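2 protein chains.
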Amino acid sequence: MMKKRLFTPGPISVPEDVLLEMAKPIIHHRTPEFLEIAKQAIEDLKYFFQTKNDVFIIAGSGTAAMEAAVVNVLSPGEKALVISAGKFGERFVELVKTFGAEAIVIEPGWGNPVDLENIKSVLKQNRDIKAVFATLVETSTGTSYDIEGLGKLVSDFPETLLIVDGISGLGAVECKTDLWGIDILVSGSQKALSLPPGLSFISISEKAWEKINNSSTPRYYLDLKKYKKAMEKFDFPFTMAVSLVCGLKKSLEKIKQQGIENLWRMHRKRAMAVRGAAIAMGLEIFSKSPSDAVTAIVLPHTIDGEKFCSDMRKEFGMSVAGGQDKLKGRVIRISHFGYQDDFDTIAVIAGIEVMLKKYKHQVELGSGVKQAMKILFSLQ
Amino acid sequence: MMKKRLFTPGPISVPEDVLLEMAKPIIHHRTPEFLEIAKQAIEDLKYFFQTKNDVFIIAGSGTAAMEAAVVNVLSPGEKALVISAGKFGERFVELVKTFGAEAIVIEPGWGNPVDLENIKSVLKQNRDIKAVFATLVETSTGTSYDIEGLGKLVSDFPETLLIVDGISGLGAVECKTDLWGIDILVSGSQKALSLPPGLSFISISEKAWEKINNSSTPRYYLDLKKYKKAMEKFDFPFTMAVSLVCGLKKSLEKIKQQGIENLWRMHRKRAMAVRGAAIAMGLEIFSKSPSDAVTAIVLPHTIDGEKFCSDMRKEFGMSVAGGQDKLKGRVIRISHFGYQDDFDTIAVIAGIEVMLKKYKHQVELGSGVKQAMKILFSLQ
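As you go down the protein sequences, you meet chains H and L in turn.
Residue numbering for the first sequence follows our numbering, beginning at 2 and increasing consecutively.
Residue numbering for the second sequence follows our numbering, beginning at 2 and increasing consecutively.
Simulated from the structure, these hints should not be mistaken for laboratory data.
Be aware that one or more of the hints could be misleading.
As the list makes no split between identical chains, a pair holds if one copy fits it or if it spans any two.
What the hints assert, rightly or not - For lysine-lysine, the following DSBU-like pairs were computed, each having C-alpha atoms within a straight-line distance of at most 35 Å:
no. : residue 1 : residue 2
1   : K234      : K4
2   : K98       : K315
3   : K358      : K327
4   : K255      : K53
5   : K131      : K153
6   : K375      : K226
7   : K47       : K358
8   : K234      : K329
9   : K371      : K88
10  : K121      : K177
11  : K315      : K80
12  : K375      : K255
13  : K5        : K255
14  : K226      : K80
15  : K327      : K40
Model, not experiment: these values are computed from the prediction.
Using the sequences and the hints given, assemble the complete structure.
What follows is the structure, given as structure tokens:
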């Protein structure tokens with residue numbers, strides 16, 4: 002018997018009661034019954050986003066919501082500043098360029114924090130920058146960014162929007178949409194919400210609506226004005242993925258019960274445990290500003306990371322992610338979100354230790370686990 | 002106890018074993034295990050589409066696949082002929098115009114078949130028409146279109162693509178993508194595939210690829226070149242809705258076992274039964290070319306269709322659809338696809354009869370059911 006455990010930074014494991022919620026008989030998306038579910042889900046999403054702004058559900062991957070943030074806001078030829086320090090920062094650069102806007106790209110380097118003073122001076126020199134694109138947690142490097150600081154800074158530029166990719170971070174790390182002045186925040190279902198992939202979310206501030214109402218980039222499926230119009234009746238402009246929304250409602254209910262601050266705390270504790278364990282095993286954390294959502298651990302040079310991940314899956318049933326693009330083969334990435342508890346965290350550390358041993362890397366069995374246990378069970 | 006029955010033209014009821022398949026623990030979308038599922042699903046989708054062309058899965062509603070068909074093929078300023086005789090034909094018109102192409106709109110009128118000679122003469126007069134957009138089954142009116150005939154006609158114009166919205170029709174009515182010369186066919190999960198909404202599908206011919214490779218309309222999430230590149234490894238460019246794809250594989254397995262011709266036959270029989278019953282009850286079928294996927298029945302003037310549908314749901318647990326846009330309140334629409342059998346068809350007819358009686362409409366109880374039974378059980 003091999004039990005399967007997902008530590009990939011999405012998709013993640015989904016709680017059994019949420020899986021069963023989605024396995025209930027399908028209800029039509031334009032019935033009072035479903036609209037009641039959608040209404041509750043939207044209300045709880047606002048809590049999850051920490052916002053009073055509009056929040057919409059899109060049937061599609063996180064990239065669909067990222068594209069919505071670009072095509073609804075920027076008209077061709079307009080300038081945007083994009084902070085890009087990983088695969089998903091690069092995605093915003095690609096999106097901005099694809100739809101004909103100009104991207105001023107700030108590249109602090111993969112795994113490095115961003116220098117806010119530099120952003121400030123670029124914004125001062127380019128008063129016509131319409132939006133700053135940033136990432137809450139860069140999944141490819143396991144790095145957290147100072148969105149609170151960025152929000153303060155951007156608030157000095159009344160014509161500029163702050164647009165944040167919160168796909169991997171939201172729910173795992175602190176993020177206060179309204180308090181921090183995030184105009185547009187996007188997220189996805191297969192991360193801290195512990196749902197299957199297939200839904201993405203987007204919140205829109207009043208300031209962002211002004212821009213959206215005047216943007217000339219063509220859009221249809223991702224036209225936020227269509228979503229706003231339908232939302233007046235808690236409806237959707239296109240057939241919604243009803244079973245996933247039923248799961249969403251259930252998942253948000255549980256998060257609300259737990260309290261978002263406790264959710265952040267839980268992720269922090271597990272991330273600290275994994276980071277502590279990695280260091281105790283003599284390994285390095287890739288990021289200079291490590292996130293509590295995903296941890297990227299640098300593997301010893303002698304180990305092929307792709308094979309390591311594949312062996313973890315085959316031998317222990319554990320899915321951890323390898324590196325992407327320039328980090329391919331060099332790191333393993335472990336998510337702290339989704340349906341997992343402290344003992345799963347211990348399990349994945351134990352799995353890594355044993356696998357390192359099998360790869361002839363010098364590590365004292367139990368050293369990582371011991372450190373993780375200290376962190377996990379003293380912080381409670 | 003009120004049992005719920007869905008006869009809406011999507012979403013529909015999903016078989017219990019498919020619901021449970023989707024309730025299984027989530028697997029990561031980049032594991033050999035999932036890629037094996039995706040590979041099988043794609044192979045069986047080709048059978049479902051009756052094509053050897055590329056077929057891709059998109060995480061999104063049917064409209065996402067319709068948009069993909071438009072933005073990948075047409076460059077701004079190019080001409081397209083769109084046959085529009087209902088809400089979804091109109092959607093193609095809106096999409097073509099939104100993305101800056103020119104739409105020559107042929108409007109035979111809601112519920113009417115299209116005059117192929119007219120199409121031919123328009124194509125002859127406009128040799129620069131890049132694509133003809135058509136609908137296999139128009140859900141809003143329950144009308145079938147002669148795509149086979151249209152395919153023959155368009156094949157005389159080697160520079161013109163035939164693009165078909167098969168969202169409501171595919172699997173319910175005969176459709177032979179390759180044999181009929183359909184260059185791009187789009188479909189969705191929540192119809193004859195008996196799945197929840199959330200996935201859409203698109204097939205692309207060699208001839209269409211030439212056009213796609215040269216089209217200049219910006220696209221990213223719906224860029225088919227990205228899907229083709231990923232598909233080389235049975236992968237997806239963006240995180241796929243894995244649980245829905247697991248359901249898709251299961252559903253296609255069952256369809257393959259049954260045989261697509263039998264699936265068409267089954268829909269035809271039920272559609273004939275409902276049409277026969279409606280006439281026996283003294284009602285009219287809205288469409289002049291009724292489809293075997295969805296039947297739109299005209300209600301007596303005295304009856305408010307919206308209330309009728311709502312009462313059917315409240316009193317009998319039966320979801321039938323009302324009319325859309327200009328048909329609002331005037332018709333009820335009954336789907337013949339999804340998880341339903343002949344006895345469910347009898348049930349919905351019985352439900353309509355009883356409700357008509359409650360609305361004081363003169364109808365002999367059992368007259369529709371009797372006619373339906375004759376059709377259902379003599380054709381077997």
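When no copy is specified for K121 and K177, does a C-alpha distance of 35 Å or less occur within a copy, between copies, both, or neither?
So K121 and K177 pass the 35 Å test inside one copy only (21 Å; across, 59 Å).
Up to 35 Å between alpha-carbons, please classify K131 paired with K153: within, between, both or neither.
within (16 Å within a copy, 50 Å between copies)
Is it within, between, both, or neither for K255 and K53, if the alpha carbons may be no more than 35 Å apart?
Answer is within; shortest intra-copy Cα gap is 20 Å, inter-copy 46 Å.
State whether the alpha carbon distance between K234 and K4 is at most 35 Å within one copy, between copies, both, or neither.
between (44 Å within a copy, 27 Å between copies)
Within, between, both or neither: K234, K329 at alpha-carbon 35 Å:
between (46 Å within a copy, 17 Å between copies)
Is it within, between, both or neither when you check K47 against K358 at 35 Å Cα-Cα?
neither (46 Å within a copy, 46 Å between copies)
When Cα atoms must be at most 35 Å apart, do K315 and K80 count as within-copy, between-copy, both, or neither?
Neither: 47 Å inside a chain and 53 Å across chains, both beyond 35 Å.
At 35 Å max between alpha carbons, let me know whether K375 reaches K226 within a copy, between copies, both or neither.
Cα proximity of K375 and K226: none, with 51 Å in one copy and 50 Å across.
Please work out whether the CA atoms of K375 and K255 approach to 35 Å or closer within one copy, between two copies, in both situations, or in neither?
within (28 Å within a copy, 52 Å between copies)
Check K5 against K255 for me: Cα-Cα at most 35 Å, and say if that holds within a copy, between copies, both or neither.
Answer is both: 23 Å inside a copy and 27 Å across each meet the 35 Å cutoff.
Identical-chain pair category, K98 with K315, by Cα at 35 Å
The answer is neither: 40 Å in one copy and 51 Å across copies each exceed 35 Å.
Homomeric proximity label, K358 with K327: Cα distance no greater than 35 Å:
within (26 Å within a copy, 70 Å between copies)
Comparing the model with each earlier hint shows violations of hints 2, 6, 7, 11; every other hint is respected.
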